[in-house]
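Visitor: Next come the chains, spelled out residue by residue.
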Amino acid sequence: MRPQGARLSREFVERLSWEKGEPAWMREHRLRCLAIFEKLPMPRFGPDLSALDLADLTYYARPVEPVRSWEELPEELRRTFQALGLPEAEQRALAGLGAQVDSEEVYRSLLAELRAKGVVFTSMERAVREFPEVREYFMRVIPPEDNKFAALHGAVWSGGTFIWVPEGVEVEIPLQAYYRMQTEGVGQFEHTLILAEPGSSLHYIEGCSAPRYSRASLHSGMVEIVAKEGARVRFTTIQNWSRNVYNLNNKRAWAYAGARVDWVSGSLGSRVTMLYPTTVLLGKGAATENLSFTFAQEGMWLDTGARAIHRAPDTSSRLVARSVVQGRATSVFRGTIHVAPEARGAKAHMECSTLLLSPEARTETIPVVRAETDEVELGHEATVGRVSQEQLFYLRSRGLDEAQALSLIVNGFVSPILKEIPWEYALELRRLLEMSFEKAVA
Amino acid sequence: MAALVVRDLAVRVGDKLVLQDVDLELAPARIHALMGPNGSGKSTLALALAGHPAYAVVRGQALLEGQDLLPLPPEARARAGLLVAFQNPPEVEGVKLREFLRLACAERGQGFCEFQKAFPLALARLRLQDFRDRELNVGFSGGEKKRAELLQLYLLRPKVALLDEPDSGVDVDALKLIAEVIREMAEAGTAVLLITHNPRLLTYLPPAQVFVLLDGRIAECGGPELACKIGEEGFEVVRR
Ligand SMILES: Nc1ncnc2c1ncn2[C@@H]1O[C@H](COP(=O)(O)OP(=O)(O)O)[C@@H](O)[C@H]1O
Ligand SMILES: [Mg+2]
Numbered sequence: 484m485r486p487q488g489a490r491l492s493r494e495f496v497e498r499l500s501w502e503k504g505e506p507a508w509m510r511e512h513r514l515r516c517l518a519i520f521e522k523l524p525m526p527r528f529g530p531d532l533s534a535l536d537l538a539d540l541t542y543y544a545r546p547v548e549p550v551r552s553w554e555e556l557p558e559e560l561r562r563t564f565q566a567l568g569l570p571e572a573e574q575r576a577l578a579g580l581g582a583q584v585d586s587e588e589v590y591r592s593l594l595a596e597l598r599a600k601g602v603v604f605t606s607m608e609r610a611v612r613e614f615p616e617v618r619e620y621f622m623r624v625i626p627p628e629d630n631k632f633a634a635l636h637g638a639v640w641s642g643g644t645f646i647w648v649p650e651g652v653e654v655e656i657p658l659q660a661y662y663r664m665q666t667e668g669v670g671q672f673e674h675t676l677i678l679a680e681p682g683s684s685l686h687y688i689e690g691c692s693a694p695r696y697s698r699a700s701l702h703s704g705m706v707e708i709v710a711k712e713g714a715r716v717r718f719t720t721i722q723n724w725s726r727n728v729y730n731l732n733n734k735r736a737w738a739y740a741g742a743r744v745d746w747v748s749g750s751l752g753s754r755v756t757m758l759y760p761t762t763v764l765l766g767k768g769a770a771t772e773n774l775s776f777t778f779a780q781e782g783m784w785l786d787t788g789a790r791a792i793h794r795a796p797d798t799s800s801r802l803v804a805r806s807v808v809q810g811r812a813t814s815v816f817r818g819t820i821h822v823a824p825e826a827r828g829a830k831a832h833m834e835c836s837t838l839l840l841s842p843e844a845r846t847e848t849i850p851v852v853r854a855e856t857d858e859v860e861l862g863h864e865a866t867v868g869r870v871s872q873e874q875l876f877y878l879r880s881r882g883l884d885e886a887q888a889l890s891l892i893v894n895g896f897v898s899p900i901l902k903e904i905p906w907e908y909a910l911e912l913r914r915l916l917e918m919s920f921e922k923a924v925a
Numbered sequence: 016m017a018a019l020v021v022r023d024l025a026v027r028v029g030d031k032l033v034l035q036d037v038d039l040e041l042a043p044a045r046i047h048a049l050m051g052p053n054g055s056g057k058s059t060l061a062l063a064l065a066g067h068p069a070y071a072v073v074r075g076q077a078l079l080e081g082q083d084l085l086p087l088p089p090e091a092r093a094r095a096g097l098l099v100a101f102q103n104p105p106e107v108e109g110v111k112l113r114e115f116l117r118l119a120c121a122e123r124g125q126g127f128c129e130f131q132k133a134f135p136l137a138l139a140r141l142r143l144q145d146f147r148d149r150e151l152n153v154g155f156s157g158g159e160k161k162r163a164e165l166l167q168l169y170l171l172r173p174k175v176a177l178l179d180e181p182d183s184g185v186d187v188d189a190l191k192l193i194a195e196v197i198r199e200m201a202e203a204g205t206a207v208l209l210i211t212h213n214p215r216l217l218t219y220l221p222p223a224q225v226f227v228l229l230d231g232r233i234a235e236c237g238g239p240e241l242a243c244k245i246g247e248e249g250f251e252v253v254r255r
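Protein chains in written order, with the numbering used here: chain C, 484 to 925; chain B, 16 to 255.
Note that these hints are calculated values from the structure, not bench results.
Treat the numbers as computed from the prediction; the structure is a model and nothing was measured.
There could be a bad hint or two in this list.
Subject to a maximum C-alpha distance of 30 Å in a straight line, what follows is the list of computed DSSO-like cross-link-like pairs (lysine-lysine) [what the hints assert, rightly or not]:
1. C:LYS711 x C:LYS631
2. B:LYS111 x C:LYS902
3. C:LYS631 x C:LYS503
4. B:LYS174 x B:LYS191
5. B:LYS244 x B:LYS191
6. C:LYS767 x C:LYS902
7. C:LYS902 x B:LYS132
8. C:LYS922 x B:LYS111
9. B:LYS111 x B:LYS132
Cβ-to-Cβ under 10 Å is the rule here; a few derived chain B residues that face chain C [unchecked claim]:
10. HIS67
11. PRO89
12. LEU98
13. LYS111
Built from N, CA and C at the ideal position, the CB exists for glycine as well.
Next up, chain C with everything else stripped away, as it sits in the complex:
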């Protein structure tokens, strides 16, 4: 399909489905989502989205053909991926890796031993054609009625990954996906569906970046996770989108009895982010942890949060957020804990701290806690701190420049979350932080 003319319309959606060779159910699903999208209003809370013109986006672009090895990629993209350390990480630290540019995957690999154990790690398109399980779960965890961008995603999704981990198989080293938006004014809508069978385990990592353009682009991915009895899934995202990207995502998990789903999110880029990873605790003893780190810099609005919905006895959740705000930027954290009447013996804890680096920085914490049974243990803390001129001067008077002093303070502040991230990524996060302080001070 030509990216020119890939504007949002019924005809476009039909053509997209036809070119992907999809079964009829998916084509119908897309059209149903489009109808819902047209009916639903824009989000009525949070950041200003008026500069995002949905009619002006390119809904499909495929600037690069898929390749079998990194060497076959076009020179410039190869250098980008190299600078991001992807080929090296693939060799050293990953069980599998997928890379997507705009609408389509360009590269994918999986260790042979995992393939031998029956692990499936494949493109969403192929999964829709070949795996009947997909139909059972696709947009069941997040239905299109949930919000306008979920519906839009359902209509125009392209790319992404399907992962199936067979019963009892533990994938000990992480699988990774990398998303790159290359074309100006593009929309990227990858769909990730993870089915973890009973007793299996998986750590999945997403990274994201884009070159900077003056025109707005949209990233609206969707992640659905189904963790069956006793399964463990950890989903880590580190996004460093450029400042013209609207990053409006939907991520949700179902956790059955004894299962555990952990979300780790690092948001360092984008112009606007709306991201509220959610776990629905459906079975007795299911648990979730949600760790979020945001770094809002000049001109950005990072609207993030976490939700835990307790629907079974003895379930537990822990939501931890650390936000740093610099310059004229806004960081909002929306934490929701809902304990249904049947969730007796549930435990939920929410803790949110913000560090303001400038007088103009804005922050808000919006906790919503609803417990429909008395047999719960709930905890909630929120703090806001400010880096004082006295602290900065003190560190400078010992020979650290302002950028060093700020990144030392911020590193300390976020260390409870960095500890949870694989060390290579924690290192990368630290490096990104330092770079942004050097820029801000200069």
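Got chain C; can you put chain B with the ligands on it based on the hints?
Guide: Only chain B with the ligands this time, still in chain C's reference frame:
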């Protein structure tokens, strides 16, 4: 040559001229004292020399081994070799003492191996063994803060150390320890300015020279006997 020369210094805080006509010279490997009642401007002098943005130098000069400090930002003054032990060091949440000092030592040109060796020794010297992984000054008692300030300077080995009331809030045993460490620093070549309004520390560390600050001006300057006299009769001696 003097390690630090201050000439005709005048400092403004807000609208108020806090220091005027301040002249002093500090010699390497010597202990000097700056005495004066509360509010006379002692801390202002230390903070202005360190480059605190709220303390505006309106006139004068400050030369560190001949290099003009006043145009430099605070970190460059520290790297050049001038350090202040704060009267009231702030607490810095999240920053580990060790991490911070490792960076600061690197900026003073000390290698990592050198730091690895020196750090535990310095902790032991100041009886701060349990503070290795503590956050900088967070929850330290008054006396612990003073020892931690000295620990930093001890490791960073400045050419000029301005110690702002290292003795206040410190018990007798710790006072002796602090005096020994300061003496050791001076013997290693540091030019020390002890800022205090309490003559007791000076009985442990007889200063080569005593400056007395009254209402923002150096009112008198003398040998160790001046400190004794102030100890006996108070600052009235100088006022008269
Ligand atoms: N940051 C400040 N803001 C306002 N006034 C100050 C500040 N620092 C010092 N001063 C004023 O300057 C004068 C000298 O203070 P200071 O240098 O702290 O005295 P000392 O250390 O000798 O007790 C006092 O009148 C004090 O109130
Ligand atoms: Mg003082």
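Visitor: Could you tell me which of the numbered hints above are not met by this structure, giving the numbers in increasing order?
Guide: none
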